[in-house]
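**Student:** Protein sequence lines correspond, in order, to chains V and E. Here this note's numbering is used: the first residue of the first sequence is 1, the next is one more, and so on. Here this note's numbering is used: the first residue of the second sequence is 1035, the next is one more, and so on.
The hints are simulated quantities; they were obtained by calculation from the structure and are not laboratory data. Careful, some of the hints might be misleading.
Coverage of chain V stretches by chain E, computed from C-beta distances (three or more under 8 Å per stretch; other residues unrestricted) [as the list claims (entries may be wrong)]: (1) 197-204; (2) 210-223; (3) 685-693; (4) 713-721.
Quick list of in silico lysine to aspartate or glutamate cross-link-like pairs, DMTMM-like style, CA-CA up to 20 Å [to be verified]: (5) 618/V / 1081/E; (6) 260/V / 391/V; (7) 1410/E / 391/V; (8) 947/V / 1526/E; (9) 618/V / 1349/E; (10) 1410/E / 504/V; (11) 543/V / 1081/E; (12) 499/V / 1526/E; (13) 618/V / 1526/E; (14) 543/V / 1084/E; (15) 1223/E / 615/V; (16) 499/V / 1349/E; (17) 807/V / 728/V.
Pairwise CB distance ranges (calculated) [to be verified]: (18) 1078/E / 531/V: 36 to 42 Å; (19) 1230/E / 394/V: 42 to 48 Å; (20) 1511/E / 854/V: 39 to 45 Å; (21) 1519/E / 938/V: 46 to 52 Å; (22) 1230/E / 858/V: 47 to 53 Å; (23) 1191/E / 557/V: 43 to 49 Å; (24) 1241/E / 194/V: 35 to 41 Å; (25) 1511/E / 918/V: 28 to 34 Å; (26) 732/V / 1187/E: 50 to 56 Å.
The beta-carbon is built from N, C-alpha and C at its ideal position, and this holds for glycine as well.
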Amino acid sequence: MINNLLKVHVNKLVMFIVWALSCTIVSAQNISVTGKVTGANGAVIAGASVKVKDSQAGTTTDSDGNFKIDVPARSVLVFSYVGFQEKQVQVNGSNNFTVSLTEAKNDLNEVVVIGYGSRKKRDITAAVANINVNDIGEQPSRNPSMLLQGQASGVVAYQRDGTPGAEFEVRIRGISSLGAGSAPLYVVDGFPIGTSIGTNFNPNDIESISILKDASATAIYGARGSNGVVLITTKNAKEGQLSTSLSVDYGIQNVPDSRKVKVLNGVEFAQFKKEVWMDNVRYFQNREPSIDEVPEGFRYPEQTKYSTNWFDEILHNNAPYTDINLTFSSGKGPVSSLLSIGYYNEQGAIIKTNYERYSVRSNLKAKINNIVTVGWNIAGSYKKYRGAATDGRDAIIGASLIIDPREPVYDADGKMRPYIGGKDGVFGYPNPVFELINVVRTRDAADLVTNGYAEFSILKGLKFRSSVNARINFTVNKDFKPSTIGDRLGSGSAGAPPKTASLDESRPQLINTSADQLLTYAPNMGKDHSLDFLVGFTAQQEKATNLIGTGNTLPNDLVPYLDAAVIRSSRSSGDDRGVEQWSLLAYIARANYAYKDKYLLSASFRREGSSRFGENNKYGNFPAASVGWRMTNEEFMPEISWLNDLKLRASWGVTGNNNIGNYSSLSFLNTNNYILSNSVASGVTISSFANTSLKWEKSDQLNVGIDLALLKNKIVITAEYYKKITNDMLLPISIPAVSGFTSSLSNIGKVQNKGFEFAIDYSERIGKFNLRNSFNITFNRNEILAINGPNDMLWYGAFYNGYSVQKVGRPVGMIYGYKKLGIFNTQEEIDKAPKQDGVIPGGMKFWDADGNGEVTYDTKDMVEIGNPNPKFTWGYTIAADYRGFDINVLFIGAQGFDVYRQIEESTMNMDGVFNVLDKAKDRWRSPQNPGSNPNDVHSQGGTNYFKWSRESSNRYIYRAGYIWLKNVSIGYNLPGIKYLGNVRVYVSGYNLFLFTKYPGNNPDVSQRSSVEDGNDDEAYPVPRTFAGGVKINF
Amino acid sequence: MKHTLYQEHLQGVSKLTSKQTDMKYLLTAVTIFICIIQISCSKSLLEKTDPTRVGTETFFKDETELDQGVNGVYSQLQDITRGAFVYKEMPSDNTTLQINPQNRGGAVGWETLEYATWNSGTGDMAGIWRNYYSTLYNVNNVLEKTANSDIAADIKAQTEGELKFLRAYLYFDLVRYFGDVVLVTQNVKTPDEAFDLIRSSQADVYTQIENDLKDALASLPGNQPAEKTGRATKGAALSMLGEVYLTNKRYPDAVNTLKQVLSLGYSLMPSYADVFDPAKKNNAESIFEIQYQGDNDLGEWSSFEYSFAPYLSGDAVTGYDVGTLGGQNIPTNDIIAAYEPGDLRKNVSLQTGYTKNGVYNAIPYVSKYNHPHTIKGRTNDNWPVYRYADVLLMLAEAINEDGGNGAEALGYLNLVRTRAGLVALAGLDRAAFRTAVLHERRIELAFENHRWFDLKRTKTPAELVAFMNAHGAREKANPTCDRGGVAFNAQDYVYTDNEYVFPIPASEILINSNLTQNSGY
């Protein structure tokens, strides 16, 4: 016994001696190494990990990028840092050296966030695009959605207008629904916040964005996955790093002259009025009018006193914007934290419009012990927005084009005139400058998004994560119209102020909470097999309430508060919406399997219930599966030096779209009171049919893709083909009114989107010069496969406004109208042509499409005249750096689509009630003077009539393809400065050059719903931005 | 040595602790997981409804709720009545419209009704159709719910009677607008069933109207209790049934029915103006009127005068400036000339011009519904449907057509005339009496939505076409209002006999091709 004990102890003793000796021997050979770690552009990297290969020894670089480590001679040092390629360096006697790390842009080992988890890029078998925000040059941080512009194939972010702070419209793989919207789901740090990112989010807080495009990636989000999912990950402290950074940007915005619409000046307009008047007499009275008959207002155009360019008057030239961000982060120790404070202030390109955002974010993560990790993110922001009714012909932008240019902004005393027009038959409008100054329209919102989690590493490979999320939004809207604002479009005298002052205030509130319980298990299956599972449960609910107060007949304009109003009313709900509530709960499961890194398999399933659907269809199932085959790992593949990775993959899945409103399946009572005995008696009527069978809009999507890495990963190519069919589309169908109702929401209709996406990255390094090219292109084709019946067409729009038509067999939202054949020059031409009731010479000649001998004044002769869906869209980023300098340039483009320039119905209205475009000078005046090209599709007819001059037709259709130099930023990283740290200075320009034949301000304009693309009624102009800034890392 | 042992010991402890901790955390995690699932899975999580509104399923159970359902139907009648003048007066020779050349966009519908250029695509046709059938849905729904309820039998009968009166009212309008219409006496349960519904013959529709009215008569009270003043009474049902018989030329039935109204205690108001005075709503002459209430924020106001005032009259007519006014239902030169000298009603019913800023504008307008009100745009005027004078004139007409006692008929007619300050008529033969009574109806009931149906009732399609074309020719030659430079279209005021009824809305035929169109459209 003692012997044995002794034996053990002796053995241990021997072992100890050997260990101690070996230590001594090794330590005897240690050398001290110092050095510096930098990025390829020479900027130092703080917090980079420096480890001795095959050893536990290691350190991290300090804030100047310097490190010091004692290592055995002849050992290998491994340098790594998030976002950079790992680098190994042999310590060869040298004991002071600088290591430059290359950015890991094309690194297939990069970890990408996916739904409810993350995966290495090389293992992903679904269509997922990853945007590293560091690869995007400096841009105004107006809204997170703009970061998506031009960055990934299949993803299009449209800047629909230039409203300060406005969100871009994002579409992933086309329009897949006619009734339920096409906006993707946004998920921030695991929290699904809805189909809009809103205007409270500071884009500077974003670390990376993943875009889930195909169903195998999005099916895990079930009934919200059909339109793709945008996963946003916010910044966290870098491990081992302590830093403080400050960035300050300052810029200005302008609407470039080339993007302004040119209308007549005062003299030209008077001349136009005079000619219109005289042509009218010549035509209808068949005589030459004498000059004395011409109304005084425009009898002598050259004597016109004033000439106001109203559009220029409302522009804010060199409107400034400021963007300040301060970030503290600490990744040292078990608790890492990041605090980010942001301030953004953008003055709009239109006077008196502006957007301001204050934001604070705190991301905390604590490793309590080896088992438990907890984290909490909290982001609060306050947005102040002052806007105006800018968009459309009946709003400020449209009005500024058509208001009488012969009138001055100020009267002789220098007082601003509140009301313009109303004389010589020109329509009256409030002075847009006066309106912008005096009408109050504010949208202020406080927003809090917070989420926390606790993660338990229970056993090896087994993790449980419980998280809770909440969003609280409180908005204050105020609209005050003082008595000095007249009515638009009235006849002059009736529309002129004073009017009754009015006030609308509303207080929408939203609370959204959700909780996820996720269990993941990745058993160790040996070298060849890798397997992991996820099962989980998620529940979410939202409640939106509102309080609306309306005040009318305010005695004066001094107190814009409800108390002052003589007539007041209040409601606890919006227009026809009450308290909006929805909820969902879902069970999710996913399994990933890989054999020898060669065969990759992934399958997921979500069963989801929603409060939005009918009693009979509360739950839906959303399965998906994908496979991948890494050919380069096959033994039969010859070792090819230039082919680094080749992966083929295919996926299929089912997703849903639940954006149908909250209570569509239910029937409610409407209040409809009556008067009995001269007092109010409660009454009710029924709002709609109840539809207990209402169910999900479901999409089946197939995706095949290829991932290719060539030439030492210098070239990375991804190509995908997809086909998505949306079934059971939720559409209101017209039903016979004898049922008591005119429409009923029903699951009918099918839309198909198929397309091809291609992305190529090419990086090259020549000495200290680094170059990166990134190009992506998307071809999407959509087609409506079914609506209600084979001949069904859904018409949106109106006779004078252009129609967007949904028709089986055609793409979504084709533009319909008459097809213009020219202008009738003489009565003989009219007599010979198919009948066009009431047309006179100078009138538009339209095509009798149905061949019945008459162009009827309805939609029967209207045909497809334009396609608003681009044939392809693309984005191209070229970035380069040399020593401390870098440049980043972004181009985007869209080709092969049409826009219906609706505003021309007004700006080319020849009645003389509006100012008109410059090109109106070249109009048809008489058979002898028919304008330079009367048969051109955009030619302008005569002025003697109303009918056949403004109907929906292809005279308003313009090709809108463009190439847009969206962003250029040039920066310089100063070498470290004492007490200041690293300093980066840069200049940038946004929306720089637009190459297009489109005559409007913005070819990406679209002012109607997502299925009525390409209607331009003149929106808030898109400005060009120039900025400069500095970033300091202390 | 000791060191090593100690380390080993520590490791052992730590392993042990770690295992215990694992179990502890595992249990915690599983507990949290189960708890959260339990909480979230409660079935109610997926039951979300709008708390600001009442779900249909749970309603219409007791007397109060059923009563609210009936009120809801009356409320829909308010809406129907707001625009009814466009279909019941403007197509006739009584009124026209003042064109606002600056803004004709919204006026397209009115213009088609005024100038007889309507067609099956005219939005107003679909509008009438939808409004009436939407109201009928609510009538049928409350009828069904009442039948299934366990409220007291007498209340049930009275509620059903009232609803049937309302259904008859709606169908009586529909059949006169469109001819054959779809007869729905039981609501469809799903949208699909609605595609099977087709038009019934006018005869069947009238049978339904007659049956409904007879049921209503059996249970409606002679007078509603004070708190329900404004709802239908026996007198209203009798008046309507009388008009139905008159329309169907069942003169003995008409006489018999209308005579029953005489004994219900109604009388002519001493002054014609009093009949329409909001301060004297539901007066002794009133049999059935659509109720409105202005001067408050309760949403029940009328605003007829704002539709009827000349569009540039500003505050000259209504007393408040709301910008551009309607300029609709403008009295024609024709009706203005039709008043006999000394007729006290003329000045109540219409004005031939207005003075604004000291300038007189000779644009006539309907003034019957113009009364002082305290809030801009919210008038307090009710709309008369049946009143005693109407019954007297219908009775006079029925007796005359039936070949009855000429003196008796003349007596009823002269009651109306003498109140208007006119001499009593005498010595008329049957044809002359027919003309006289129609003329008297035109004047007495001017702008109360009787004229177009009266013309249709008393004339054959061919006669109506000739009559209206003559009126159109006069209007074209000498328009009541200045047209602001807008010329007449060649199709304006060209009547054809198919226009005796309105077209079935094209949008409805497009949805359901089983619906037939009236000939000529």
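**Student:** Now look at each hint and say whether the structure bears it out.
**Tutor:** Here is how each hint holds up against the structure:
1. With 0 residues bearing a CB less than 8 Å from a CB of chain E, the stretch 197-204 of chain V misses the requirement of three and the coverage assertion fails.
2. Given as covered by chain E, the stretch 210-223 of chain V fails the check, having 0 residues with a CB less than 8 Å from a CB of that chain where 3 are the minimum.
3. Counting residues of the stretch 685-693 of chain V whose beta carbon lies closer than 8 Å to any beta carbon of chain E gives 5, which reaches the threshold of three, so the coverage claim holds.
4. Counting residues of the stretch 713-721 of chain V whose C-beta sits closer than 8 Å to any C-beta of chain E gives 0, which falls short of three, so the coverage hint is violated.
5. With a CA separation close to 10 Å, the supplied pair residue 618/V and residue 1081/E stays within the 20 Å bound.
6. About 15 Å separates the Cα atoms of residue 260/V and residue 391/V, which keeps this hinted pair within 20 Å; it holds.
7. For the given pair, residue 1410/E sits about 30 Å from residue 391/V by alpha-carbon distance, which is inconsistent with the 20 Å threshold.
8. Distance check on the hinted pair: residue 947/V and residue 1526/E sit about 16 Å apart at the alpha-carbon level, within 20 Å; holds.
9. Taking the CA atoms of residue 618/V and residue 1349/E, the gap is about 57 Å. The hint is violated against a cut of 20 Å.
10. As the CA atoms of residue 1410/E and residue 504/V are separated by approximately 19 Å, the hinted pair is consistent with the 20 Å bound.
11. At roughly 13 Å between alpha-carbon atoms, residue 543/V and residue 1081/E fall within 20 Å of each other, so this suggested pair holds.
12. Taking the CA atoms of residue 499/V and residue 1526/E, the gap is about 37 Å. The hint is violated against a cut of 20 Å.
13. A hinted pair counts as satisfied when its Cα atoms are at most 20 Å apart, and residue 618/V with residue 1526/E does not qualify at roughly 56 Å.
14. The suggested pairing of residue 543/V with residue 1084/E holds, with an alpha-carbon distance near 10 Å, which does not exceed 20 Å.
15. Among the hinted pairs, residue 1223/E with residue 615/V is consistent with the structure: their alpha-carbon atoms are about 16 Å apart, no more than 20 Å.
16. For the given pair, residue 499/V sits about 13 Å from residue 1349/E by alpha-carbon distance, which is consistent with the 20 Å threshold.
17. A distance of roughly 16 Å separates the Cα atoms of residue 807/V and residue 728/V; the hinted pair therefore holds under the 20 Å criterion.
18. For the pair residue 1078/E and residue 531/V, the beta carbons lie near 38 Å from each other, so the given range of 36 to 42 Å is met.
19. At about 44 Å, the beta-carbon gap between residue 1230/E and residue 394/V stays in the expected band of 42 to 48 Å.
20. Checking the proposed 39 to 45 Å range against residue 1511/E and residue 854/V shows it is violated: the Cβ atoms sit about 30 Å from each other.
21. The hinted range of 46 to 52 Å is not satisfied by residue 1519/E and residue 938/V, whose Cβ atoms lie roughly 29 Å apart.
22. For the pair residue 1230/E and residue 858/V, the supplied restraint of 47 to 53 Å is violated, since their beta-carbon distance comes to about 29 Å.
23. Checked against the hint of 43 to 49 Å, the C-beta distance between residue 1191/E and residue 557/V comes to roughly 59 Å, which is inconsistent with it.
24. The given range of 35 to 41 Å is broken by residue 1241/E and residue 194/V, whose C-beta atoms sit roughly 56 Å from each other.
25. Between residue 1511/E and residue 918/V the beta carbon distance is about 45 Å. The supplied range of 28 to 34 Å is therefore violated.
26. Hint check: residue 732/V to residue 1187/E, Cβ distance near 42 Å, so the stated range 50 to 56 Å is violated.
This entry does not satisfy hints 1, 2, 4, 7, 9, 12, 13, 20, 21, 22, 23, 24, 25 and 26, going by the numbered hints stated previously.
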